[in-house]
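Student: Each chain, written out:
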Amino acid sequence: MIKFEFVGLRYGVGPEVLSDINFTLEPGSFHFLTGASGAGKTSLLSLMYLGRKPTRGLVSMFGQSINKLERKQLWSLRQRIGVVFQDFRLLPHLSAFDNVALPLRIMGRPEKETRNNVGELLEWVGLGDYKNALPLTLSGGQQQRVAIARAVIGRPKLLLADEPTGNLDDEIGFRLMNLFEQLNRMGTTIVIATHNHAIMEKFGHSRLILEMGGLRVEETRSSLRRKIEGVY
Amino acid sequence: MKIPFRDFFTKDRRLGVAIGRGRYDLPLNKDEGTNFLRLLIALMSFLAAMALVGSFTLDSMTQRWSSGLENKLTIEIPAEKENGDLRNKDDMASLLKQVEAVLRNEPIVKSADVLDDQDIQNLVEPWLGKDAPLQDIPLPGLISVELNSSEPAAMEKMTADIKVVDSGIVIDTHEAWLQSLLKMIGSLRFAAFVVVIIIAATTVTAIAGAIRSRIAVHKADVELLHLMGANDEYIVRQFQRHALTIALQGSLLGTLTAAAVLFTIKLVSGGDTALMLPALSASAVHTVAVAALPLVACGIAALTARFTVLRSLSLMP
Chain Y
1 MIKFEFVGLR YGVGPEVLSD INFTLEPGSF HFLTGASGAG KTSLLSLMYL
51 GRKPTRGLVS MFGQSINKLE RKQLWSLRQR IGVVFQDFRL LPHLSAFDNV
101 ALPLRIMGRP EKETRNNVGE LLEWVGLGDY KNALPLTLSG GQQQRVAIAR
151 AVIGRPKLLL ADEPTGNLDD EIGFRLMNLF EQLNRMGTTI VIATHNHAIM
201 EKFGHSRLIL EMGGLRVEET RSSLRRKIEG VY
Chain G
233 MKIPFRDFFT KDRRLGVAIG RGRYDLPLNK DEGTNFLRLL IALMSFLAAM
283 ALVGSFTLDS MTQRWSSGLE NKLTIEIPAE KENGDLRNKD DMASLLKQVE
333 AVLRNEPIVK SADVLDDQDI QNLVEPWLGK DAPLQDIPLP GLISVELNSS
383 EPAAMEKMTA DIKVVDSGIV IDTHEAWLQS LLKMIGSLRF AAFVVVIIIA
433 ATTVTAIAGA IRSRIAVHKA DVELLHLMGA NDEYIVRQFQ RHALTIALQG
483 SLLGTLTAAA VLFTIKLVSG GDTALMLPAL SASAVHTVAV AALPLVACGI
533 AALTARFTVL RSLSLMP
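Going down the list, the protein sequences come from chains Y and G.
Take 1 as the starting number for the first sequence in the numbering used here and just add one per residue.
Take 233 as the starting number for the second sequence in the numbering used here and just add one per residue.
Just so you know, the hints here were simulated from the structure itself, not pulled from any lab data.
Computed from a predicted model, the values in this text were never measured in an experiment.
Do not rely on the hints blindly, as some may be mistaken.
What the hints assert, rightly or not - To give a feel for the contact side, a few chain Y residues facing chain G, derived at Cβ under 10 Å:
1) L50
2) K53
3) R71
4) S76
5) H93
6) M200
For every residue, glycine included, the Cβ atom is placed at its ideal position computed from N, Cα and C.
Given the sequences, and given the hints that come with them, work out the whole structure.
Tutor: And the structure:
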């Protein structure tokens, strides 16, 4: 699914923020990405959602080497990736409904299907009554749920989330984690950047730990058991 | 137990290619500067329409003068003799008759009309007034000649035959002043063409600048659409449609205003041709050309927006 080999990233002429990153994510796997603030979690995620190109190294996604692909070939790959940004990045002039509908409209899905699916998903994340609300009129937690709904509406093959439960109370946080678990059981590979130890302990998936610009993979008992059982 | 939301996630998943729809994801119409751009395009269209009509009018003026003076010449018997004495009426009448007789025998002459006092009165009326005492003013004798052709050898023979009557007789083929007039009109037409080119270049620059500023304002949103997998065409179409709408509104306003102004000018002038100036041209071809201005403006706007946005998007990974 995703393979990074000796990947490095630097901004401009500054020092490398990511250095010699090596890891492989199997299809249908679930990972937490963690590390101290400024360790490069957001930078690594940006490489994974094809928002940047690595300064060096090889990146392979969905079986294709990103280094060799042309710009046009990246469009369809990006449509397979759902992203929950730390700052949500909702379009402020669009309603919650239209924000969530955006990925489906970009994919060119029929409007009727879009309306049904978006309505259903907004109900499920508890925002059924806020369909027409603009993001600025929503609370931080509500905006985050809109952002999560937007990331999952296209049923992505890969879901990347940057601190997705940061602004949510525990109950909603765990509920959304259950949604991610459910998506994962349907075959979506999930990477969640978080500092939340309670969630990492509770769900027990393997951890990608960023330290000093490098990356270390830490398997947990639960993730090893899943590997042995052949879940992925 | 039914797992909530299970049906939604197990539905057939098909990735499609993003296609343009009649809606905007970016609030381009709400941007400041939209009204300014619309007004600018209206003004440019107004100026382009006026320059075009001016060019067409000069064009028809040239054609009218050229065809009106082609194969025509004027023979002038000066009022003064070569020694400075004034000719009396009898002398003038005799010379006119002799020249007329020569002309009758020239094969290239189609017709020759000796201008009488009334014709000359009409010619000098704009300068001297209606009641000028022509009998007190020494006037030349004039013969208006129409030729079958202006073949040089035949022209030379005719000139020589006339000069035999009196060497002071002047044969005016109108060529000299017509040439300089046509040169001047050519310059004016070129100036009108340059004005239209400048207007088009200004419009392209203004639209490109406006689109660039909109991309800068909505950079984060455009990047987001890009990251969600929107292809260039999906994003470009939104800007293109926006530019096209503004250009259509602005150019229609400008062209219709120009049409109204020209109609008023025509109405006020009563459609008369003042001296050498022809009436404002309104042939079918010219009308279609001016009416096509909004379409040209839309084309320029859409293409400018398209290439400006594509260029910006090409800088994204």
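Student: How about K53(Y): closest beta carbon in chain G under 10 Å, or not?
Tutor: Holds - the Cβ of K53(Y) comes within 10 Å of chain G, reaching about 5 Å at its closest.
Student: So, as I understand it, the hint says H93(Y) touches chain G; can you test that by seeing if any CB pair is closer than 10 Å?
Tutor: holds (4 Å)
Student: May I ask you to test the interface hint for R71(Y) with respect to chain G, counting a Cβ-Cβ separation under 10 Å as satisfied?
Tutor: This interface hint holds because 7 Å falls under the 10 Å limit.
Student: With chain G as the partner, please determine if L50(Y) meets the hint condition of a C-beta pair closer than 10 Å.
Tutor: holds (7 Å)
Student: Restraint: S76(Y) near chain G, CB-CB cut 10 Å. Satisfied or not?
Tutor: Because about 6 Å separates S76(Y) from the closest Cβ in chain G, which is inside the 10 Å limit, the hint holds.
Student: Hint validation: M200(Y) versus chain G, beta carbon distance must be below 10 Å. Holds or violated?
Tutor: violated (24 Å)
In summary, the structure is inconsistent with hint 6 from the numbered list given earlier, while agreeing with all the others.
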